[in-house]
Amino acid sequence: MVEDDSWVPGAGLLKDYQDPGTPPGTLSAAEGETGPSRMIVVSYGADDVAVREWTDPSALDGLRGDGRIHWVHVIGLADVALVERLGTVFSLHPLALEDVLTLGQRPKAEPFDDTLFCIVQYLAYRRQSLEKTQLSLFLGAEFVVTFQPRADDLLAPIRDRLTQGRGRLRHKGAGYLAYAILDLVVDAAFPALEALGDQLDAIEEGILEKPDQEDIENLQCARRELLVLRQVLWPQREVMGRLAREEHELMPDDVRLYFRDCYDHAVQALEVSENFREMASGLLDIYLTSLSHRLNDVMKVLTIISTVFMPLSFLAGVYGMNFDRQQPLNMPELGWRYGYLGFWAVAIAGIASMLWMFRRKGWL
Amino acid sequence: MVEDDSWVPGAGLLKDYQDPGTPPGTLSAAEGETGPSRMIVVSYGADDVAVREWTDPSALDGLRGDGRIHWVHVIGLADVALVERLGTVFSLHPLALEDVLTLGQRPKAEPFDDTLFCIVQYLAYRRQSLEKTQLSLFLGAEFVVTFQPRADDLLAPIRDRLTQGRGRLRHKGAGYLAYAILDLVVDAAFPALEALGDQLDAIEEGILEKPDQEDIENLQCARRELLVLRQVLWPQREVMGRLAREEHELMPDDVRLYFRDCYDHAVQALEVSENFREMASGLLDIYLTSLSHRLNDVMKVLTIISTVFMPLSFLAGVYGMNFDRQQPLNMPELGWRYGYLGFWAVAIAGIASMLWMFRRKGWL
Amino acid sequence: MVEDDSWVPGAGLLKDYQDPGTPPGTLSAAEGETGPSRMIVVSYGADDVAVREWTDPSALDGLRGDGRIHWVHVIGLADVALVERLGTVFSLHPLALEDVLTLGQRPKAEPFDDTLFCIVQYLAYRRQSLEKTQLSLFLGAEFVVTFQPRADDLLAPIRDRLTQGRGRLRHKGAGYLAYAILDLVVDAAFPALEALGDQLDAIEEGILEKPDQEDIENLQCARRELLVLRQVLWPQREVMGRLAREEHELMPDDVRLYFRDCYDHAVQALEVSENFREMASGLLDIYLTSLSHRLNDVMKVLTIISTVFMPLSFLAGVYGMNFDRQQPLNMPELGWRYGYLGFWAVAIAGIASMLWMFRRKGWL
Amino acid sequence: MVEDDSWVPGAGLLKDYQDPGTPPGTLSAAEGETGPSRMIVVSYGADDVAVREWTDPSALDGLRGDGRIHWVHVIGLADVALVERLGTVFSLHPLALEDVLTLGQRPKAEPFDDTLFCIVQYLAYRRQSLEKTQLSLFLGAEFVVTFQPRADDLLAPIRDRLTQGRGRLRHKGAGYLAYAILDLVVDAAFPALEALGDQLDAIEEGILEKPDQEDIENLQCARRELLVLRQVLWPQREVMGRLAREEHELMPDDVRLYFRDCYDHAVQALEVSENFREMASGLLDIYLTSLSHRLNDVMKVLTIISTVFMPLSFLAGVYGMNFDRQQPLNMPELGWRYGYLGFWAVAIAGIASMLWMFRRKGWL
Amino acid sequence: MVEDDSWVPGAGLLKDYQDPGTPPGTLSAAEGETGPSRMIVVSYGADDVAVREWTDPSALDGLRGDGRIHWVHVIGLADVALVERLGTVFSLHPLALEDVLTLGQRPKAEPFDDTLFCIVQYLAYRRQSLEKTQLSLFLGAEFVVTFQPRADDLLAPIRDRLTQGRGRLRHKGAGYLAYAILDLVVDAAFPALEALGDQLDAIEEGILEKPDQEDIENLQCARRELLVLRQVLWPQREVMGRLAREEHELMPDDVRLYFRDCYDHAVQALEVSENFREMASGLLDIYLTSLSHRLNDVMKVLTIISTVFMPLSFLAGVYGMNFDRQQPLNMPELGWRYGYLGFWAVAIAGIASMLWMFRRKGWL
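Residue numbers (this note's numbering), protein chains in the order written: chain A, 1 to 364; chain B, 1001 to 1364; chain C, 2001 to 2364; chain D, 3001 to 3364; chain E, 4001 to 4364.
For the record, the hints were derived by calculation from the structure and aren't laboratory data.
Note that the Cβ used here is the ideal one computed from N, Cα and C, for glycine as well.
This list has only true hints and no planted wrong ones.
Derived CB-CB ranges, DEER-like:
#1 Glu246/A / Ala2029/C: 47 to 57 Å
#2 Leu2063/C / Glu3084/D: 36 to 46 Å
#3 Pro1328/B / Gly2350/C: 17 to 27 Å
#4 Pro3036/D / Ala2029/C: 53 to 63 Å
#5 Gly2165/C / Asp3061/D: 30 to 40 Å
#6 Glu246/A / Asp3152/D: 51 to 61 Å
#7 Gln4213/E / Val2346/C: 32 to 42 Å
The task is simple: from the sequences and hints, build the whole structure.
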């Protein structure tokens, strides 16, 4: 579970940052991102829906103002020109675009003049560790623009619901689409939490069976992931709370009602992660007591052995002494007919009484 | 107390959840629920009361508007059609109905257009562990609709009070009925807390008598249950606080007064559970010091034995040496008349002085 | 200090509670209370004062409205009829009366129509443990009604001040009387805290001199009492804060000023108890380090003994071997003239150098 | 650092208190104070200043209303008559005067009709321990009255600034004088914190060099002082915050600006003390790991000695056996020419290989 | 990492302070600062920019009011006359100037009449430890004045951006310049956090490989630096929050938008430092369990050795006894033909069965 090179203390905790002193709003490709970006445009009204994948953003100019809702989803954050072009077409604020291109952002919701800008983190538990994928969303009057780094298309389920015309999605405007997307991200935390719970379960089983140093490293690893989790879930809860509470012209009242539900889920995910943290520290307690127990067990064995054999060895040593047997008082036992048998009788009686005492003390 | 398969870290902490991306308001049978639902309808005014158990919800249509108060209690959450039908008859919001069918919800109180929707968790300590049963309640102008999963009918005591016409219940409207139900749920926490207190008591006794690994597992188990408890009691307190504080047209002022009482109980239950948590961590301290004590005891025995017999064994070894006694300076003690007796005198004096020293040090 | 049967984890933490489902406002005798109640009535104005002890509450009817202030103090909570009668005479709310008869209530102040209702807990440190006695108080325009369970009369000092006509008490109305009573209860915490501080002091002394398991049980006991203390002092502070802050027609401004003083005392009592909790957990640290120290000491003795005598025993064993001395190379030392003296010289030199080394290491 | 009789757990934590039931506003000499009080009166305007030391408070009557500002500083809290006389002259509230005469008060600022009343604690680190001296201050339109218990005159530096006419002090009214006094008290915390920091430093050094039980007692002592510190600094910060924030007729806006500075200092002192608390608990961690290390070291020595000499002693024991050498298979080694040398060769090889193994394990 | 003389507990935690009683607004050279100060004046408009380094502040008089923005950056805090002169020219408040000359201030933002005054701390990780450099900033209508102690010029990157005319900096007024400077300081925390993360990483690696006392000292050192970090980052976050939230005439709305971004970064830096603190305490846990493990390992070796050789030594001792073999029952084994071989057979069988048992127990 612990891979040496990926296990940096700050990994996942520290966001990418630009050199201090860089002018704000300077756009540059997100760290680690390369290659061209994909741009998937979904235009829909109550009666029709069109999904197109474009590479040239200039086709976007004609779109706005035709009464339909346009959702532009960009996958890949290396094509700065595309991001700038989208910024111009939809009047997105440069500071927000800078945040889009800086990974590891804290979830937040911020109103700009005509748009509402949200950043959230999509959590997934893959390849034995927690991964977070940054999703940025701009909500305007008749459009939604979303960005994600190169990876699997996170929002495919939403697109499927749009094309299949299921539910309220096609009828309720851009705000409801934004809700659907954010709801997906919030709910994605639950399978991740479940996986993390299973991991804690496995560690606990390991500790109860046979505690070793590896368990403690896995536990430390899980605690680190819980820190990352909290760092994401705490502000995410706040984002949903703000969207559910604060009135905004782009967010009609009936959509705000749905965000209330979303907020509940965010709170619950956060609570579960906090409880996992308590459980993780409980596991450490089990671990330490378990080590203490084992030490006690080891020491009992040592003490029993010593207590039994030290007096006996002394006795054997006594009868191995070379006192001059010419003197009548020197070691007369050695000459007795049943001396040797007597020695064994004493030895066996000694062992038996010791063992009986230890059993009474509960050491056996 | 610890059964292997039921003891999953996340058990009771994580709520059931739908696959991320599922459209909101999609109703499906609650996890683990099967079979038909029971529906018990109580219609009452000041002077009359009727209790009927129906299976066909269509009979409900005729009920509303006859000036009496109708309370529909549904047991079992697998019959989605019934839930939907009730939703239509009483205009319940689809998001709320989705919550009804998802178990493990966080307690909450939410106003929808014409109804007030509450979710609470009924706590009970059965078969050595804490169980929570989700109870959902819709309060309307002249009706109350409640849902619980398949289990014993939780609300039978309320129905009994209604049919026996005791107290204010028959005279004070739907809001008071809702209060009576929620009050029952809040007060159910006290017997559960008492049982948990007994469990902690048993663990403490075990630890003080003879600490073993099983105690620590039981303690961990109890701490987990306290986490679940807190997860329920904390928001439940908030729910009662809101109902006592916030004005709502469905909740007349004199009923709000009763909720203040209910809020006090919820606060008290929460405080007790927080104190139990502190006590549980105090038990861990006792446990660890107890282990330390035992280790000290074991080591003292070992040290006493070694300190007594190691020098004596050395002495016996000395007189077992084979130096050539032809040389007058080699081991003359062996030829002395009282050599052997002298050896024993030294040995016994050594043992005695050691024991005296240990007694003075307080090791005996 | 620890008596087996009284030392239940939940003792003092959990309030008495009625069976869930009991209709609110159902009056029944408080748990553990029996026998008749005493009722002491003090009627006073600026110029006269009368103290009477009645058993029949019907005499109360004529009292109200004569321009004097009436203080009814009831000792004993088993006489439900008396409580109900008082409720009728002074128009006390049934929910409040139910709280009066349920012991272990959380301190609170609640306005009802014409009365202000307070519950506080009188703390006292008696027979080696902290006891709390519930005092309920109703403040009306011209009356004060107080209740306490059967025990010593807690409010005798106030009655003495009234009859002796000292201070402002006779001139300032019912609100000031209520203040005097609550101030007495708040200040009672200080002697109790002092006693608890002495107890912690005794435990500390015990731990520093010779830590044993009993100390830790006493400490656990004290921590439990600190939990009870906090459970009382925290809401009591809030009660005083509300009375000092919130305007109420029964509480004139100049009396509110006095409650500000009372609030200060409540805050201070709470702070002291919080600091005691920190000190108690500091004692646990001392205890654990002390155990560790002792283990180290024990192990040093064992190690010193073993290190000194194991090599010597080996040497004695060597010269006890029976190699055939016909062969010239076999154990020639045994035939040397000063062999035995040499052996002792080596042994003593070994012991001395070991001891010197241990002294240098600081183990002696 | 630890003196037996002064080291009571509650010392410095619990305030003095009057017997519960004492009427409020009852003045009695402060605990531990005896002898006559000094009264130093400074009267000043922009152009003149007069310092007089009076014993008879009746001379105060003529003072008020001459357009100058009068500062009365009382040292010693046993002369109740003087305090009452001052109360009459300057219309000070009896409740406030009671607080003046009760030592160990929580810092607070309270407005009374025409005066502003503050209590603060002057901290000093003297004779190896933290001392707090209670300073009470009444601010009126044209006067300031201050009280301190018998000790060095705390406010001499302010009087010096007044007589030397330095700075703004002579020109800015009574509010600025009050600021100067409170600022002095707030800043006095910094040298005390520095001394406490030095003490922690000394403890740390002691622990790192050679941890013994005394260090832990000193540490416990320092933690106790940090508790006292927090108990003072936390409300003191609040006092300054209120004075800087809340408008009051006696406190002109430009003086409030100075209190903002004072508030900053109070916050900083509090933060430093909180950080010291974290450091103190860090020292405990170092201490415990240090003990653990030493135990490990001791046990390694024991184990190395045992592992080396137990097998060798066994071997020596074998060749000390008395099997009948007539039988050719019994112990032929004893008759070999190089038997004894072989024994030593085996012994030395055994020791060497053991030591080599221990070195590889890092135990040496 | 730990240098003796620089490692004072309070170092970096306690601010410099003046003697209590010093009149406020008394200017004196900052502690540790000597020599002349540098003063770099940048005057710019949209079209031109001039950078001059002056030593005589009187040249500043002619500057104000020419429609350009003037930024005066002072390096070195020993030249009190210069600071006073600047105070006169730009009407800076004496209390603020006193703060400028007192190092170790808590970050804060305070409005004075015509200026906005901020203090922040520039963090850098140099020579194995965290350093903070105090930067003070006055923002006026058409000027910015900044101060830093003698060190590398922290604000060179801003001056470069100004002279190169990049970005919005030349066009957006003094408020934007202040933003650029504060943003630089906030972002400087990230490289420092990264370095601290690397340090924690190194400590963790050390602990996992071979825990020794030095690791724990380094860890303690890192925890101390995290305390300093928190002491800076917490109020810095607040400063940015105030600037982003509160309206101020010197701070136009579009600049406030940029401060929102700055606030986000400050929050993130704080969160990372809090998580580092949790990780540091997790490292302590690893360390302690690791010590426990090692102790267990050592004790197992000791116990195995003792358990194997003590019984064998006893057996060898038995056959080294000198019972008189004339008596037929005394030690007949010694005379058996295969006695010696039998002894070895028993010994080897004993060792083998012991080892097998230990392997089964998992001790090998």
